[in-house]
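Student: Take a look at the letters that make up each chain.
Number of protein chains: 2
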Amino acid sequence: MTVVVSHPLIPLIEAELRRWVGRGENLLELTFLDALFPSGKLLRPTLCVESARAVGGTAEAVLPFAAGIECLHVASLIHDDIVDQDPVRRGRASIAEQFGIAEALLAGDGLSMAGHAAMLSGGPADRVLAATRVVVDAMRHMCLAMMRETELRENLLCGVPAVLAVIRGKTAALISAACQAGALLGGATHAQVESVRRYGELVGQAFQICDDLLPYTVHDRAAGKSAVSDVANRQPTLPVLLAYEAAGEADRQRLVTIFGDDVDPVTAHRDVLDIVTHTGAVTEAARQARTNIDDAHAELDALPAPGRLAELAASVVARHP
Amino acid sequence: MTVVVSHPLIPLIEAELRRWVGRGENLLELTFLDALFPSGKLLRPTLCVESARAVGGTAEAVLPFAAGIECLHVASLIHDDIVDQDPVRRGRASIAEQFGIAEALLAGDGLSMAGHAAMLSGGPADRVLAATRVVVDAMRHMCLAMMRETELRENLLCGVPAVLAVIRGKTAALISAACQAGALLGGATHAQVESVRRYGELVGQAFQICDDLLPYTVHDRAAGKSAVSDVANRQPTLPVLLAYEAAGEADRQRLVTIFGDDVDPVTAHRDVLDIVTHTGAVTEAARQARTNIDDAHAELDALPAPGRLAELAASVVARHP
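First to last, the sequence lines map onto chains F and Z. All letters in the first sequence, in the order written, are residues 1 to 321 by our numbering. All letters in the second sequence, in the order written, are residues 322 to 642 by our numbering.
Don't read these hints as lab results, they were simulated from the structure. Treat the hints with caution; some may be incorrect.
Said to hold, decoys possible - Negatives, chain F to chain Z, calculated, CB over 10 Å:
id, residue
1, E103
2, L129
3, C143
4, E154
5, G187
6, A191
7, A246
8, A286
9, A314
As the list claims (entries may be wrong) - Computed beta-carbon distance windows for the label pairs:
id, chain 1, residue 1, chain 2, residue 2, range
10, F, P161, Z, E632, 32 to 38 Å
11, F, L27, Z, D582, 38 to 44 Å
12, Z, P445, F, R19, 26 to 32 Å
Where is the CB? At the ideal position from N, CA and C, for every residue including glycine.
Next up, chain F with everything else stripped away, as it sits in the complex (with noise of 0.2 Å):
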């Protein structure tokens, strides 16, 4: 799954990011320009400018909440790799691989605080206030989805919504909260708010759905972190449980087996990778992506100039079957 992003913002994001994470002169900042550069896809802070866009603002005056958002991001995969023990985030060794548990811990907590610190740089006063509200709630809820997660692991029969309320908690909440700030800063009105909101709520379940596809789609070193990560943890995902709901017995005892006990991983995800497909779960979960964003397609109709806001939603399911 490549998001293509709006290109000439992405200079503008990198240099706003450097202003706000110092130039590496201590431990703390070496861990933060580690996470942060080369840079991921920046779809968060990509969306909020051009919410802004879309409903009047321009993309200066929102640079920097919208670079806070891409540190309160990141700050939010380092601290994931922690909890999932993955060794490996964008292709390269995590912060915990590389710099231990205590200090990827500390460098997560810091670049979050210079999140907001860059998001709470700007004004109006009130709107600020709003926008950062709004992306405050959303990293509530991503604790909460995140905690959740921790709890569902081996449990192959918590069910189709719970799995969907992760992934909007965990993903969801804070694209949206992007898009909703994005609009708020750029002086939307309550109608247009919401429809941003709608519309980045359906993106992020779309992104999070077509991420928990990519062990199952695309080869290991493309997606960027380890394919056997899920299952190793044990962790149902999306395809996973429509493969068990649509599973014969012999394929339920099967994914039972590989959740509940001690397999070895790469044989694990060898075998899940033969029942997700031969179910039609791939498919099944990729029409849901692809529902998401036509129904986020929607939403912008409400939107003054929604620019490349579709081309960004059509993006994320680009490489989906």
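Given the structure of chain F, go ahead and fit chain Z onto it with the hints provided.
Tutor: Coordinates of chain Z only, in the frame set by chain F:
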């Protein structure tokens, strides 16, 4: 060391804290409640409220912000106990010990966001924004100092100024920010904000010096955390560095061995206790804390109604020689 807090405020602050952290309806909220209650000394929120009052503001207007600062502080303690691998906090099992490291990490992140939500909840927008910026800046300094602290482990030659810089970042910055935020929310003049900033920094420095003296001045149980923790982590603190500077060759050699080799923590603590006592380091550190408190008192002359701020400052060093 007992801080005699302003009694009528305690139930108000505790009720406000409960408003922001939920009722324990999921694992995340359970960790919040366990970390917050029974509450500690509530020094930071108390100072925040008293600083607002000292410049003519009301407790009611600043209570949500004050509760938010306590959430951020307790979140930092949860993470600190992961970094230091401390099994005990406030005389009970730490969150990491009780719930696991991943859960404690998410508990700290979630409680931090609950704190931000509380801080951002009030108005007027320009004052809330100014106060939040000060707190966020302090939290950045705290992360930097905690990271620096991990780098100073085993380093007996880092020098007193390096340890004082850690103390300022790790503890004094947030205590000072709590005072400044209260004053800003209470409508203080620039000069008044500057006075409470210095007051808070001095009180915070004295507070941490006394905290670092606890293993050498009070019984383990009263300290609320393991008396051998700093020595077990080979973390040089102010009394140890003052002792090293004042010590003869034999004592220095003993300290170098303790902080560089695998010495049994109980034996190590007994030996360090002996050295910090007979070199006069304990007395000297306590003297520095008292000097800070005297200087803090002097700052109160600039405030129209300092009220309990003098008493709060005095209480920080009340139990020390």
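Student: If a hint holds in the structure, say so; if it doesn't, say that too.
Tutor: Evaluation of the provided hints:
{"no.": "1", "hint": "E103", "verdict": "violated (7 Å)"}
{"no.": "2", "hint": "L129", "verdict": "violated (5 Å)"}
{"no.": "3", "hint": "C143", "verdict": "violated (4 Å)"}
{"no.": "4", "hint": "E154", "verdict": "holds (15 Å)"}
{"no.": "5", "hint": "G187", "verdict": "holds (15 Å)"}
{"no.": "6", "hint": "A191", "verdict": "holds (22 Å)"}
{"no.": "7", "hint": "A246", "verdict": "holds (30 Å)"}
{"no.": "8", "hint": "A286", "verdict": "holds (30 Å)"}
{"no.": "9", "hint": "A314", "verdict": "holds (32 Å)"}
{"no.": "10", "hint": "F/P161 with Z/E632: 32 to 38 Å", "verdict": "violated (55 Å)"}
{"no.": "11", "hint": "F/L27 with Z/D582: 38 to 44 Å", "verdict": "violated (25 Å)"}
{"no.": "12", "hint": "Z/P445 with F/R19: 26 to 32 Å", "verdict": "holds (28 Å)"}
Hint check: violations occur at hints 1, 2, 3, 10, 11; the rest are consistent with the structure.
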